[in-house]
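J.: Listed below, chain by chain, are the residues.
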Amino acid sequence: MTIMMDTGNRIAAKAAVMARPEVVAAYPITPQTTLVEAIAEYVAHGEFKGEYICVESEHSAMSACIGASAAGSRTFTATSSHGLLLMHEMLHWAALARLPIVMCNINRVIGPGWNIWVDENDSISQRDTGWIQIYCSSNQEIFDTVIQAFKLAEHQKIILPVMVNLNAFILSHTSMPADIASQQTIDDFLGRYIPHWKLDIDNPTTFGNIIGPAYYYKIRRAMQEAQMHAKHLIPQIAKDWKKTSGYYHGGLLEYYKCEDAEHILLSMGAIGAESKIAIDELQKAGQKIGLARVRVIRPFPTEEIRKIGKQADLIVIDRNISVGLEGVLFNEVKAALFDESGTKVTGFIAGLGGKDVTYKDIEDMCQKAIQGKTKEQTWYGMEE
Amino acid sequence: MGHLHFEFREGIIVSSKSLVEICFHGRGGQGAVTAANLLASAALQDGNKGVQAFPFFGAERRGAPVRAFARISGDEIHLRSEVYNPDIVIVLDESIMEIVDVLKGLKPSGKVLINTRKKPQDFEFSKQYTVATVDATGIALKYDILVGGIPVVNTPILGSVPKILNRVTLKSIQQAINSKWTTKKELSDRNIKATQDAYDQTEVSF
Chain A
1 MTIMMDTGNR IAAKAAVMAR PEVVAAYPIT PQTTLVEAIA EYVAHGEFKG EYICVESEHS
61 AMSACIGASA AGSRTFTATS SHGLLLMHEM LHWAALARLP IVMCNINRVI GPGWNIWVDE
121 NDSISQRDTG WIQIYCSSNQ EIFDTVIQAF KLAEHQKIIL PVMVNLNAFI LSHTSMPADI
181 ASQQTIDDFL GRYIPHWKLD IDNPTTFGNI IGPAYYYKIR RAMQEAQMHA KHLIPQIAKD
241 WKKTSGYYHG GLLEYYKCED AEHILLSMGA IGAESKIAID ELQKAGQKIG LARVRVIRPF
301 PTEEIRKIGK QADLIVIDRN ISVGLEGVLF NEVKAALFDE SGTKVTGFIA GLGGKDVTYK
361 DIEDMCQKAI QGKTKEQTWY GMEE
Chain B
1 MGHLHFEFRE GIIVSSKSLV EICFHGRGGQ GAVTAANLLA SAALQDGNKG VQAFPFFGAE
61 RRGAPVRAFA RISGDEIHLR SEVYNPDIVI VLDESIMEIV DVLKGLKPSG KVLINTRKKP
121 QDFEFSKQYT VATVDATGIA LKYDILVGGI PVVNTPILGS VPKILNRVTL KSIQQAINSK
181 WTTKKELSDR NIKATQDAYD QTEVSF
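If you read the sequences in order, they're chains A and B. No gaps in the numbering here: position 225 of the first sequence is 225 in the numbering used here, and each next residue is one more. No gaps in the numbering here: position 72 of the second sequence is 72 in the numbering used here, and each next residue is one more.
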């Protein structure tokens, strides 16, 4: 095996290049910059043979990806925070046009106050655009997920863009080892991208033209069906990848020590990795608690949440807030359980603005929830 | 390419699986982050399955105090939070100690490695902690390891680490340096010699 000891950003770039996209269009933004710089290095060294388009904004980056993907190219980009928000209009476009673009988003705070650290409000605020959203918790998972994202996006029953999220700095700038699958393994796994349709001067067709309500209604319905199908396909692709590479990080969720658990913690991203230590410590202290790390938030894993809701009371940590309501994962978990009247769900907001969340914090949150000492949702670690 | 790439050597025995956390203190531009990366890569070569290296998450300025971190473990590391209680503190620039409390959070059994011409006993806290010293600046000057005319101590001082941490070998540190500068063999050779000098010249208090 070949181990690459490098940052999450550079490992994401490695995976992206090994997937052999024909077009990358990107605009730099901290903390995504080192990812697109790494791709530029691959261009300079002749290791990336696709077209690398430097554009003047993220709106243009996504627009260029849309054009390239519509012309039948495998397409990749990366962004973060305000860059993702500037893409907002074109994110909807990419999904409604059914273009299998793969994008890494480095989860960074939205300003003001100006802040480059992690929270997940950037991608969470884009959850209704139709993109599939996956959240990683280690550099190995980043590598494996970027490869799997192309397979998923281009699957004939999906044909939707996929956003692979990694937390700012904690993953983007932290070096950890990742086992790099061989180019042959990746080529065999992905195959060539054969577009279902494309802009082709030899076979002219019109796309994105004016259509009436009845057809538009069908477009929305078809997107929804594709996302629902992705619930089956994401775990299947993860298992197929495990067969070839040996690595598996979970399907829609990653379960950790959930057997006989009376409480299950739900968390995402880097907190999802740190949570494993908290679960070990809590089990040592006699608590029957497990972890379900949420990898995929769109499509939302409703059925699996209901299943664990039947087994255990749930504790949810959100590194995001839908201002005026509550943490989005907390809200959506409760919605999934609306007819499971016996399940207690306790929520925490934690780590906004990049505030560190340690396993001791996670233990403390779980203890408070188990003892019933919290309000429905608590802002954890707020310094008065 | 600048990243470290190597074939993993299986079956090397790691004496302990427990977690070691290391904090580097230096000034922006001194290469604290590179040092943390090289150390973690070397530790991986030595069979420690879990390694991590990361900068302090924030804006960095040349000359201002900076920190970088490394974690070494026999098992996969799930920690993603900051290092609060290091086992080892490595000081690249001793003048930092006038403005930064480098001992903050250091475990009672902790060790401190300092780039200085002084002896370990010259530091008051050597009564409390194991202190190792090495003149990494002198070694960098000897081997002409300079950036913009300023001696770069990050690689030389790594040669001293095996003297206070048995989880990583000098050979692996040198190998990590070698794979970082694959296209600049002459520079890599000077850095490797510097680590050998640092290893030989390190003084440790007990």
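Rather than coming from a laboratory, the hints here were simulated on the basis of the structure. Do not take every clue at face value.
In silico DSS-like pairs for lysine-lysine, Cα to Cα no more than 25 angstroms straight-line [unchecked claim]:
#, chain 1, residue 1, chain 2, residue 2
1, A, 257, B, 17
2, A, 242, B, 49
3, A, 257, B, 127
4, B, 127, B, 107
5, B, 49, A, 239
6, A, 284, B, 127
7, B, 127, A, 360
8, B, 107, A, 355
Where chain A lies over chain B, by a calculated footprint (3+ residues, C-beta under 8 angstroms) [to be verified]:
#, segment
9, 37 to 48
10, 185 to 191
One-sided excerpt, in silico: chain B residues whose CB lies under 8 angstroms from chain A [stated by the list, open to error]:
#, residue
11, 20
12, 51
13, 54
14, 55
15, 74
16, 126
17, 129
18, 130
Given the structure is predicted, the values throughout are model-derived calculations rather than measurements. Every residue gets a Cβ at the ideal spot worked out from N, C-alpha and C, and that includes glycine.
J.: Check the hint pairing residue 242 of chain A with residue 49 of chain B against an upper bound of 25 angstroms on the C-alpha distance.
T.: 20 angstroms, holds
J.: If you take the shortest Cβ to Cβ gap from residue 55 of chain B to chain A, is it below 8 angstroms?
T.: OK, holds: residue 55 of chain B within 8 angstroms of chain A, min 6 angstroms.
J.: Can the hint on residue 130 of chain B be confirmed by a CB-to-CB distance to chain A that is less than 8 angstroms?
T.: Given a least distance of 27 angstroms, the restraint on residue 130 of chain B is violated.
J.: Can you confirm whether the C-alpha distance between residue 127 of chain B and residue 107 of chain B stays at or below 25 angstroms?
T.: 14 angstroms, holds
J.: Using 8 angstroms as the Cβ threshold, decide whether residue 129 of chain B counts as touching chain A.
T.: 24 angstroms, violated
J.: Regarding the hint that residue 51 of chain B lies at the interface with chain A, is the smallest CB-CB distance below 8 angstroms?
T.: 6 angstroms, holds
J.: Is the straight-line distance between the alpha-carbon of residue 284 of chain A and that of residue 127 of chain B 25 angstroms or less?
T.: 36 angstroms, violated
J.: Does residue 360 of chain A sit within 25 angstroms of residue 127 of chain B, going by the straight-line distance between their CA atoms?
T.: 31 angstroms, violated
J.: Is the interface hint satisfied for residue 126 of chain B? The criterion is a beta-carbon contact with chain A at less than 8 angstroms.
T.: 31 angstroms, violated
J.: Given the hinted pair residue 49 of chain B and residue 239 of chain A, is their Cα-Cα distance within 25 angstroms?
T.: 24 angstroms, holds
J.: Tell me if chain A covers the segment 185 to 191 of chain B under the three-residue, 8 angstroms CB rule, please?
T.: violated (count 0)
J.: Given the hinted pair residue 257 of chain A and residue 127 of chain B, is their Cα-Cα distance within 25 angstroms?
T.: 44 angstroms, violated
The structure shown violates the earlier hints numbered 3, 6, 7, 10, 11, 15, 16, 17 and 18.
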